[in-house]
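Below are the chains, spelled out letter by letter.
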Amino acid sequence: MAQGRNDQVSWSWRTLPAPLRTLGRWLTIVQLVGYTTSLIFVWHTTRLVPPGVAARYRGADIDSTTNAAMQFPKSFGEMLTITHTHLLSMAVIFVFTGIGVALCARISSRWQRFLIAEPFGALLVSFSAMWLMRYVDPRFAWLLEASSAILACTFYLQCFLILRELRES
Amino acid sequence: MPLIALMLLQIGTAPPKVAASVTRIFGRGASATPLAVNADTALRVTRGDSLLGYAVVRNVKGKDQAITFLVAIDTADRLKDIDILVYREPYGGEVAYEAWRRQFRGKSAQDTLEVGRQIRSISGATISVNAVTLGVRRALQDLTTWHRDGMIK
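The listed protein sequences correspond, in order, to chains A and B. First residue of the first sequence? That's 1 in our numbering, and the numbers climb one at a time after it. First residue of the second sequence? That's 1 in our numbering, and the numbers climb one at a time after it.
Quick caveat, the hints were computed from the structure, so don't treat them as lab data. Cβ coordinates follow ideal geometry from the N, Cα and C atoms, glycine included. Be aware that a few hints might be false.
Simulated DEER-style distance windows between Cβ atoms [as the list claims (entries may be wrong)]: (1) G29/B to T37/A: 53 to 59 Å; (2) P51/A to Q110/B: 35 to 41 Å; (3) T66/A to L51/B: 45 to 51 Å.
Only pairs whose alpha carbons sit at most 25 Å apart, straight line, appear in this in silico SDA-like list of lysine to any residue [said to hold, decoys possible]: (4) K63/B to T85/A; (5) K61/B to M90/A; (6) K63/B to T83/A; (7) K17/B to Y91/B; (8) K63/B to G93/B; (9) K153/B to A109/B; (10) K61/B to M79/A.
Computed footprint of chain A on chain B; a stretch qualifies when at least three of its residues, placed anywhere within it, have a C-beta under 8 Å from a C-beta of chain A [claimed, not checked]: (11) 39–50; (12) 83–93; (13) 113–120.
This is chain A alone, in the form it adopts within the complex:
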């Protein structure tokens, strides 16, 4: 317990039993598929552009004469539901990838800490931007888009590093 920093080095994918490495590999692959599917879903509903995101939350085309689907503003209850379900489930995803990154021996401790902490910060920024976009100004969609893009890039980088480490161990 109290032997200090050297003990941290011994915890890596290389030193873990093979079944745990298999678990880590498949968990990462499944999370990759799940995260990519969620991005495809968001592309389908908003085209992944800030005006589309703002319309999704603030409403649009309600009085249009076309047959296009109506987009009503999200209610306060819906905003609460979206926030708590996404925040909690995404936090779990990044706990798993964070553990995976922490077990990567080839990355420096500084980069490990950055890659582990960054998604949690980006999550808070993203969901703050979502509320500001809904109730204050639609231009906060740009902040939401930027923080979500950084979040996605970090996730894919985390997965790449984990899978690379597991392939070599």
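Fit chain B to the given chain A structure using the hints.
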């Protein structure tokens, strides 16, 4: 017989939520009296001695939960309005919004009420839109048939 129809018949008058909906649709002074029709229950809506129309309360299944709604017609069998009485799901509650409901007004049993053609869908509420639209179409057909066949007077 659906539970909701049994309840309406046993109470003898419309429950407060249904009564409030009837008042909103037909105006002040409108009152609803339950009528047994086959295995169902319709509501006869009157103000004093004058007949204003008919209504029916139904349930449809949304994604997981039942959606309770009311469909009202006038004496010419034109759809007067619909009302979502109870919406239980966390998502899709936009079907209760005026902007969506007003699309049904003036429709008759001859209208197809097809989502994407006569009725616009709602982004994020597709299942509820399809369920309620189908329910309204059936309720409108039933009310029209009952009225034309003299089963409700």
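- Looking at the structure, which of the earlier hints fail to hold? 3, 5 and 11
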